[in-house]
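For the protein sequence lines, the chains are X and Z, in the order given.
Taking this note's numbering, the leading residue of the first sequence gets 826, the next gets one more, and so forth.
Taking this note's numbering, the leading residue of the second sequence gets 87, the next gets one more, and so forth.
Please note that a few of the clues may not be correct.
As the list claims (entries may be wrong) - Distance condition first, Cα-Cα at most 20 Å in a straight line; then the derived EDC-like pairs of lysine to aspartate or glutamate:
#1 Z:Lys89 to Z:Glu188
#2 X:Lys881 to Z:Asp145
#3 Z:Lys157 to Z:Asp112
#4 X:Lys851 to Z:Asp145
#5 Z:Lys89 to Z:Asp124
#6 X:Lys894 to X:Asp832
I should point out that these hints are in silico values taken from the structure, not numbers from a laboratory.
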Amino acid sequence: SQQGEEDPQALSIQEGENATMNCSYKTSINNLQWYRQNSGRGLVHLILIRSNEREKHSGRLRVTLDTSKKSSSLLITASRAADTASYFCATDPIQGAQKLVFGQGTRLTINP
Amino acid sequence: DVKVTQSSRYLVKRTGEKVFLECVQDMDHENMFWYRQDPGLGLRLIYFSYDVKMKEKGDIPEGYSVSREKKERFSLILESASTNQTSMYLCASIRGGLRNTEAFFGQGTRLTVV
């Protein structure tokens, strides 16, 4: 079952602008993670936020988590052309064995 | 650096063939996963394993099986390949015992069944 739902499915902005992507999920989680995928490649981990955290920063990335709404957002500030990629959220559900459940992803295009 | 290596980047197989996709990780991770990725559907979990010789079905196990004879290697088997199994296949590993830890992915295998 698809746990994460990203919104929007595609986003196109100008270089230097901020990009915001949202993720919603359905069940209680241990943590939520964001991954990046360049075209045709494997996924690379960006940031992990635990269920008891509300906000986390890493460089130009800012992630928020609202467990009451079962949602998260990823903000990329001062975007660069090299940020063009697909971004996925993934959740580790509390119930059951450790695994990651992914959403459909957001395709981000940064225009120079 | 953790490395997860998938045996092929691109693979073309015929309908009905038995197909093996191999994945090896070099960081002694307990947990390994196979996903398939299709446009508009994101990553869907096929099978995962949390120990040698252990396996668990994911969301879409039909038509697939797995093998984990050694800790570092997790194989995905398509018993009789069909055209609807044309997809990108991604292997991942996660260190066991720590719940809040990241996954490491291989570079992916793009499989085409003709």
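Going down the list of hints, with the structure as the test:
1. Restraint check for Z:Lys89 and Z:Glu188: the C-alpha separation of about 13 Å stays at or below 20 Å, so the hint holds.
2. Distance restraint check for X:Lys881 and Z:Asp145: the Cα-Cα separation of roughly 30 Å exceeds the 20 Å cut-off, and the hinted pair is therefore not satisfied.
3. Our distance criterion of 20 Å between C-alpha atoms is met by Z:Lys157 and Z:Asp112, whose separation comes to about 10 Å.
4. Taking the CA atoms of X:Lys851 and Z:Asp145, the gap is near 15 Å; set against the 20 Å cutoff, the hint holds.
5. A distance of roughly 24 Å separates the Cα atoms of Z:Lys89 and Z:Asp124; the hinted pair therefore is violated under the 20 Å criterion.
6. For the suggested pair X:Lys894 and X:Asp832, the alpha carbons sit about 15 Å apart, so the restraint of at most 20 Å is met.
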